[in-house]
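Chains as they are written, first to last, in numbering that gives the first Met the number 0: chain A, 0 to 479; chain B, 0 to 94; chain C, 0 to 477.
Read the hints as simulated data drawn from the structure, not as lab findings. Every clue listed holds true.
Under the rule of at most 16 Å between Cα atoms (straight-line distance), these lysine to aspartate or glutamate pairs were calculated in the EDC-like manner:
(1) A:K408 / B:E29
(2) A:K254 / A:D290
(3) B:K91 / A:E334
(4) B:K91 / A:D329
(5) B:K91 / A:D335
(6) C:K214 / C:E152
What follows is a set of in silico ranges between Cβ atoms, one per label pair, in the way DEER data are often shown:
(7) A:E334 / C:S368: 53 to 63 Å
(8) C:A17 / A:Q6: 43 to 53 Å
(9) A:D329 / C:L108: 52 to 62 Å
(10) A:D107 / B:A67: 15 to 25 Å
(11) A:D107 / B:P69: 19 to 29 Å
(12) C:N359 / B:A65: 28 to 38 Å
(13) C:G29 / B:A65: 18 to 28 Å
(14) B:D46 / A:R475: 43 to 53 Å
(15) C:A300 / B:A65: 28 to 38 Å
If you want the footprint, here are the derived chain B segments under chain A, 3+ residues with CB under 8 Å:
(16) 51-65
(17) 73-83
A virtual CB, placed ideally from N, CA and C, is assigned to each residue, including glycine.
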Amino acid sequence: MASSIAQLAQDLRARKISAAELAQAALARAGARSELNAFITLDEATALVAAQRADAALATANAPALAGIPFAHKDIFCTNGIRTTCASRMLENFVPPYDAGVVERLRDVHAVSIGKTNMDEFAMGSSNENSHFGAVKNPWDATRVPGGSSGGSAAAVAAGIVPFATGTDTGGSVRQPAAFCGITGLKPTYGRVSRWGMIAYASSLDCAGVLARSAQDCMYALSAMAGHDPRDATSVARGLDNYDAALSSKLSNMKIGVAREYFGAGVDAGVAAAVRDALAQYERLGATLVDISLPNAHLAIPAYYVIAPAEASSNLARYDGVRYGHRCADPQTLEDLYTRSRGEGFGAEVRRRILVGTYALSAGYYDAYYLRAQRARRVIANDFSEAFKQVDLIAGPTAPTVAFKLGEKTADPLAMYAADVNTVAVNLAGLPAISIPAGFSDGLPVGLQLIAPAFAEGPLLAAAHQFQLATDWHTRSPGA
Amino acid sequence: MSIDTATVARIARLARLPVDANAAPQIADELTRVLDLAGQLANAPLDGVVPMAHPQAQTLAWRADAVAEPDRANDLLALAPDARSGLYAVPKVLG
Amino acid sequence: MSWQPVIGLEIHAQLSTASKLFSGASTAYGAEPNTQAALLDVAMPGTLPVPNRAVLDKAIAFGLAVDATIARQSVFARKNYFYPDLPKGYQISQYELPIVADGKLAVRLDDGRTLEVEIQRAHLEEDAGKSLHDAFHAATGLDFNRAGVPLLEIVSAPVLHSAQDAVAYLRTVHTLVRWLGVCDGNMAEGSFRCDANVSVRPAGETKLGTRTEIKNVNSFRFVEKAIEYEIERQVRALENGETIVQETRLYDAAAHRTFTMRSKEDADDYRYFPDPDLPPLVVTDVDIDAVRAALPELPDARRRRYVEALGLPEADATQLCADRATADYFEVAMSALGGDAKTCANWVLGELAAALNAANLVVEQSRVSAPALARLLARVREGAISGKIAKDVFAAMWAGEGDADAIIERRGLTQISDTGALAAAVDAVVAEFPAQLADYRAGNEKLLQFFVGQAMKRLRGQGNPQQLNALLRERLKI
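So here's chain A without its partners, still in its complex pose (with noise of 0.2 Å):
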């Protein structure tokens, strides 16, 4: 079993290893494990430098907990002089003039980052299928996919390659991958995290995430990622808390609902039935388990497909091939450059979206389409302030299946759109949520979604973590 974070840190405090090494062992597994595309770059200059400072930062007292772990970073994430595409063609060549808020972060700890992952092109995907540089293959069966759009993030840490790696999740792209890939995958709250220099796919649902083989070593990354960041002004101005002290805390008074509407037809039986297991397990750690009703949880899917589209019909505006990225060849007038550029540069599924929230912001459609979602959405999040009143935190399948085939959806866009109906009402309402290895089903990791309220994340991780302690599920891994 590769090492936990904490592991890591005690072997690099006391010289059995350094950080020079681990970073080049982590560059040998990602190449050794190319196949699995879950790269987009890989920076071996980059992060030899990284680790050298982080071996002399691990050489004085209180270096810091990330110092000298090798980690990835989603390739949405501004790295600057190193190229960032955002698995898209729009994007193929760029090479940011700036660093995002959470690469600084993770930098100003000393972990080091051994390259850029792949996912959905601008994160719009449940399959990493659409991304311009291939699809990424699920380490566990290399026939299926890994999930989506933190699809290369989850493959990586799943396949070992590296400890972590930095996710964004805007309808489940942190937690639905990690389900699949038998990893944990922590979804902060709206706001918690920076997203300067996260390069924008919908806004008001965009989060920072993280993906790892643990709770704990989620806890160590997130704790070096959050914090207010004034060049965000959707970033919260609040105080962190001392995640590493809130693990500890046990289960026995927390309650526990099972939200009925996550256990729906769509749902396979054999991931209910994993669900339903390590349900039972939290009562054996002492939780109570309450059953919930979040009522207008149907209307999630629809409220996200206008809100994500219509938002990201305008984030995508700026790529017109003017200022950086694609620009077609020889454009003849304006109107030419504009959309050979942008018809070259977007994919599919992408195209596709911004027709989708063009339609929804335009006039005469507004009101039915975007305001309507708007108002759902209130709905919706009202749903989970109503059910905190009862319960600590809320339980469900992380997403209805396990991995699916690739190319098994890609003809159809609404069945995979179904594959984020346990999500995305968490990032309408802008909650922390979790999603940890409950078990499997045929043979493929089933993931546990848990549900917290605002600013919550150290009860929510707390309770991922006493799992863990209590159960194995976490340290099972595929083999190469």
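For this one, chain A is given, so just place chains B and C on it according to the hints.
What follows is chains B and C alone, placed relative to chain A:
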């Protein structure tokens, strides 16, 4: 709600995306299906609900009025597909 | 048929800030292209807007000055359209919930009427970049230095009925925003711009005709001419049985005509929605009270005070209140002098204005300070120098020769009031010009001024004119 190819053309024009005439019927069909999904909102009892634009009940945070950005013209222009004499260039726009 | 023009103005006032509305780039005018375009201003992927606090107080100040409602919650929205000078593909503006709504402004017209103009709204928005169509042979160049500069868009109701009234309103707003210090009003640099919505309808009709919008006219004179032209064009078209097309037009000052501009977005479907990067803008009573407490006496109130409390003629008061710096200069001078408003007004509007004008300076740049002017006027009032000499002293002060006392002292300009010296000069001229004397005594009294002038010449201009006059009258009778 059924989207026709003329609507597809209008929307694509607004979004500055090309639509191949051959592909238009299929795109129209896909958009119809996605918008039918959104159409489920039409039957929900949402009248009078206050729309929610932001996930947190936040108010705007401000920055002080101070020049805080260095001149990065060279770095930024270097990213442009066509930059000349310190300007970004596009095909001639008439008036 | 007689036609009534209906005009509404959309004024874009650039708020005077050091940095942009949403980025920390400088707003200074005249920099090399793109050197003041930060990451956000070129819409670099991943960048986010953070609003500049300084714009809030300026918008509130304007709202209070026009007696408007300040929205306790307003919203930044995205206006989506593609144009090369718009880097994000959307402009951050305010749409459904502007920060200022339902104001009004009293506009004094030249003929003495006062027009009350309803201001529907004023909202915050960012400026676009600049397209340079002549930069290259076959390409348009783009400079994003202006992109993101903060603007307050001030929208009047369509209640103006002539080009002259529209310009009077525009001037009143111009004075007000400068008075409040929210905008420098520099039209040549584009800090104060105006779009005019113009329509005409048959006299007596209440329904509005189809309007056209004239974009970005950059001087008062051209606004007036452009509107006049557009009214004539529309009337002519309607009388010829044509219909008016709703469109955006540009004014060509050289040819004195307006012409159709290509539409930015053919369909004009801007797809406004609340900007998800920016939570609602909340204004508290504390914010408003703080701005209210710091608000200066407004131009209209000050003008009224000058007439009613200081007894100045309407015309002087209006001229002094055309801008706050001039009015402030006047007040400082007057209080240093300890009264005598009319004399101060005459000097500020006369010598000072002429000198500023000749040197192409504004009053803030005056080479003679208000207290210095007051010291000069004190010398006149004491009778130490004549008003005429004072003008020479003022010119010397303007030229940097020192303060009034030093110049008077150095040049020996103190007025001669010594009866002996004056009498000697009078005797001398009477002796020198016997023919004129005879003429005078024969009844040509106009020659008195001739003798005064000659005597003054002998006294090198320093004779006390009142005394000299009296002495000559006596002497010439004999």
